[in-house]
Amino acid sequence: MRAEDGFLIASCEEPVDARSRARIATAIGRMFRLDDDLSPFYASIAERDPLRWAVQGAGRMLASPTVFEDVVKTICTTNCTWSATQRMTAALAERGDGAFPDAERLAATPDSWYRDVARMGYRGPHVRAVAGDVAAGNLDLESLLPGRGRNDDEVREALLALPGIGPYAAAHVMQLLGRHQDLVLDSWTRPKYLRLTGKRRASDKTMRRSFARYGNYAGLAFWLFLTRDWLEDAG
DNA sequence: CGTCCAGGTCTAC
DNA sequence: GGTAGACCTGGACGC
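Mind the numbering: the first sequence is residues 1 to 235 in the working numbering, read in order.
Simulated from the structure, these hints should not be mistaken for laboratory data. Do not take every clue at face value.
Stated by the list, open to error - Beta-carbon label-pair distances, calculated as ranges: (1) 18 - 201: 56 to 66 Å; (2) 96 - 202: 38 to 48 Å; (3) 14 - 198: 50 to 60 Å; (4) 40 - 3: 21 to 31 Å; (5) 50 - 96: 40 to 50 Å; (6) 18 - 192: 44 to 54 Å.
Claimed, not checked - In the SDA-like style, the derived pairs of lysine to any residue whose C-alpha atoms are separated by at most 20 Å in a straight line are: (7) 73 - 119; (8) 199 - 211; (9) 73 - 156.
We put the CB at the ideal spot given by N, CA and C, even for glycine.
Turn these sequences into a full structure, and let the hints steer you where they fit.
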């Protein structure tokens, strides 16, 4: 994949039929959040805002091809080190023969695999339960995407109802859904906020309040504030 | 070797 | 509604 004249070009060496092309385009559109129009946010920070540097196009987070994959991966980030997350997701990809396994595959995977191969601990039953509900048609995670008639409150409620998904994970998945209101508060963002602000301590409520003026983009503003040093040319 | 805790969540008060 | 305790795993750390 490459950028060219304002377009995202995806190419491969083998010929691809029309049906596959459509699937690939859908997946890439979702991964790069091409439906996420950030122009209202950029307009709000264009003048006299500490985040004004972001109008050059920052804040577009890479997502997975499906919401299901993002939910499962996010469960694999909770209460463990990043290396553990990588190990679990690598095992899942192996279970899908190189690609992330779909819900049917994960639902049909025995508990022993989650425990003994992926070594997911207590997360295993959570992932399997979500996969089971999706595979059975009782849960449509893709319907949480924007433009499908659900507002942020409804989506948050739906995510929090999932086993293994709490406030942190729900906020994280919602960012990937282009629902940028909630702040992702965890053991990485909290100390990073303190370091950048020079504060000795700050409650979650305090952090939310200080970003509340960004409205529906408060969570995105928080993330940009925390990750500005990831950019080399942020003015 | 034991303790602590990492990009938390759930249950039971 | 707010908060202690338990929870798989495994890497870091002190002893």
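Starting from the hint list further up, note which numbers the structure goes against and sort them upward. Violated: none.
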